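These protein sequences, in sequence, are chains S and X. Just so we're aligned, residue 1 is where the first sequence starts under my numbering, counting upward by one. Just so we're aligned, residue 1 is where the second sequence starts under my numbering, counting upward by one.
Rather than coming from a laboratory, the hints here were simulated on the basis of the structure. Treat each hint with caution, since some may be false.
With a Cα cut of at most 27 Å, we get these calculated DSSO-like pairs of lysine-lysine [said to hold, decoys possible]:
1) X:K218 / S:K172
2) S:K172 / X:K195
3) X:K218 / S:K126
Values in this document were obtained by computation on a predicted structure and should not be read as measured data.
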Amino acid sequence: MRCKDTTALVTGGLKGIGLAIANRLAEEGSTVFITDIDKPSEDLNANINYINADVTNELDWKRVAQLIEDERGSLDILVNNAGVDCVGPVQKTSLKNWRRVMSINVDGAFLGVKHCYDILAKASEKRNGGASIVNISSMLSKVGYIDTSGYNASKGAISSFTKAIAVEFASKNISIRSNSVHPGFVHTPLLQQGMQNLVNEGVADSVDVLLDMLSEMTPIGRMAKPNEIANAVLFLASDESSYMVGSELVIDGGWTAR
Amino acid sequence: MSRLANKVAFITGGTSGIGKATVYRLIAEGAKVIFTGRNDTAGEVISKETGSHFINHDVTDSSGYEKISEIIKTQYGRLDIAFANAGTEMGDTDIENITIEVWNKLVAINLTGAMLTAQMAVRLMRENPDGPNGSIILNSSMNAHIPLGNFVTYSTTKGAHIALAKSTAVHCAGQGLKVRCNVIHPGVVETDMIKGVIAGAPDADAARAMFEGMAPMKRMAHVDEIAGLVVYLGSDEAAFISGASYNIDGATTAGMMGV
Numbered sequence: 001m002r003c004k005d006t007t008a009l010v011t012g013g014l015k016g017i018g019l020a021i022a023n024r025l026a027e028e029g030s031t032v033f034i035t036d037i038d039k040p041s042e043d044l045n046a047n048i049n050y051i052n053a054d055v056t057n058e059l060d061w062k063r064v065a066q067l068i069e070d071e072r073g074s075l076d077i078l079v080n081n082a083g084v085d086c087v088g089p090v091q092k093t094s095l096k097n098w099r100r101v102m103s104i105n106v107d108g109a110f111l112g113v114k115h116c117y118d119i120l121a122k123a124s125e126k127r128n129g130g131a132s133i134v135n136i137s138s139m140l141s142k143v144g145y146i147d148t149s150g151y152n153a154s155k156g157a158i159s160s161f162t163k164a165i166a167v168e169f170a171s172k173n174i175s176i177r178s179n180s181v182h183p184g185f186v187h188t189p190l191l192q193q194g195m196q197n198l199v200n201e202g203v204a205d206s207v208d209v210l211l212d213m214l215s216e217m218t219p220i221g222r223m224a225k226p227n228e229i230a231n232a233v234l235f236l237a238s239d240e241s242s243y244m245v246g247s248e249l250v251i252d253g254g255w256t257a258r
Numbered sequence: 001m002s003r004l005a006n007k008v009a010f011i012t013g014g015t016s017g018i019g020k021a022t023v024y025r026l027i028a029e030g031a032k033v034i035f036t037g038r039n040d041t042a043g044e045v046i047s048k049e050t051g052s053h054f055i056n057h058d059v060t061d062s063s064g065y066e067k068i069s070e071i072i073k074t075q076y077g078r079l080d081i082a083f084a085n086a087g088t089e090m091g092d093t094d095i096e097n098i099t100i101e102v103w104n105k106l107v108a109i110n111l112t113g114a115m116l117t118a119q120m121a122v123r124l125m126r127e128n129p130d131g132p133n134g135s136i137i138l139n140s141s142m143n144a145h146i147p148l149g150n151f152v153t154y155s156t157t158k159g160a161h162i163a164l165a166k167s168t169a170v171h172c173a174g175q176g177l178k179v180r181c182n183v184i185h186p187g188v189v190e191t192d193m194i195k196g197v198i199a200g201a202p203d204a205d206a207a208r209a210m211f212e213g214m215a216p217m218k219r220m221a222h223v224d225e226i227a228g229l230v231v232y233l234g235s236d237e238a239a240f241i242s243g244a245s246y247n248i249d250g251a252t253t254a255g256m257m258g259v
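In isolation and in its complexed conformation, chain S is listed as follows:
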């Protein structure tokens, strides 16, 4: 059990990468809280507790932090995972859409760290590796991609934010580590929906054609499974990564190596 007796919070935990992270941390002994704006449609693992909350809503964050403090006393692991995409040419991207992706992907992570700081600091005293914040960025924080400028920008912001708080906490002897994970293309409901939108716009005949194309474009020849991202989060959440602070873990099957 690599996260025995810990408490974790995963935002956007009902689907895709977030659900895989919640399950993986629970398997390794963590009591996991997930937040999501959607309601669970199926049964969750017994060690996973669902909280209905919106990452862009500050009042929701205060409620979530209070609830975790009341039930568990402190928080060892915060995974800022909730995110949306923003597809389209820059000149056709509405300000509303741009602000939506910034609000969920960037404000959400900021509010998570701001409002969970006290309960993370409480847990940091108890663990060798300190408390751990894992922010889910993307390989698209490192390289540009067509028609995803809003998403690219939001993920770049997450990377810088992660490093800023990593240095800030470490310099002040606060044992809260902060690192980011940068997945390549992962087969998730978000990606599926994004591809469906492109099919609806007449870009391709079917979602499968687009998914096959993404696999072929990845050096390793396939997309990632959500669990492969969850394993990286587990590593960063556990004490094994106790000297990793402000690091970027790229998991992209070689996409950005070219």
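Given the coordinates of chain S, assemble chain X onto it according to the supplied hints.
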């Protein structure tokens, strides 16, 4: 502790520091380990304590890799993990003073040694009985990103590790091999070598404070912390990670501290 059960691992520079810690850690995770180095005494002690297999080999000796390959093939039947760890900064200096002899020697150990290790690994991993697969990890340094003025050769070879890892990763993926290659960048690690430097300094406390103060975390890494990252990258959990470059430096390269 069996995240590497049934895996066979090869480590260069395994008789001290990070390499030595990695031998112990990989054995603890269930792997069979073959390691090289030039210190017979240390190699034999580690081999006896862990049940690992020590081979005296200098990473710059290109002909020696065939012999090692043969041992791995005949005695272990496969190779899953290769950790190109051997490296040194012995005799290094700045761009104005570096001699061609020292430059060539350090390039041979740090860079050519890593290339030869990766080359041997790819060739062996290609022949694995269950199909071509494996994980190659190059031990670079944070100095790949923040080079040191008075260690021009060391910094340059560590920077080159990034391109070596990425080129290897892209080649293997392009060939359809499930052989991954990644590079790690430790910050200052409290190895016996660093402990020796501290002990030998005119003011040992000041020397320790200087090394510890380089990271915003205000401490050096333990060798086990680097070995933990090697375990992760060597395990099947990291199956989608290839061509990546991971910092493990207590936030040293994440940004300016204290301002």
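Hint check:
no., hint, verdict
1, X:K218 / S:K172, "holds, 10 Å"
2, S:K172 / X:K195, "holds, 26 Å"
3, X:K218 / S:K126, "holds, 19 Å"
Every hint, counting from the list given before, is met by this structure.
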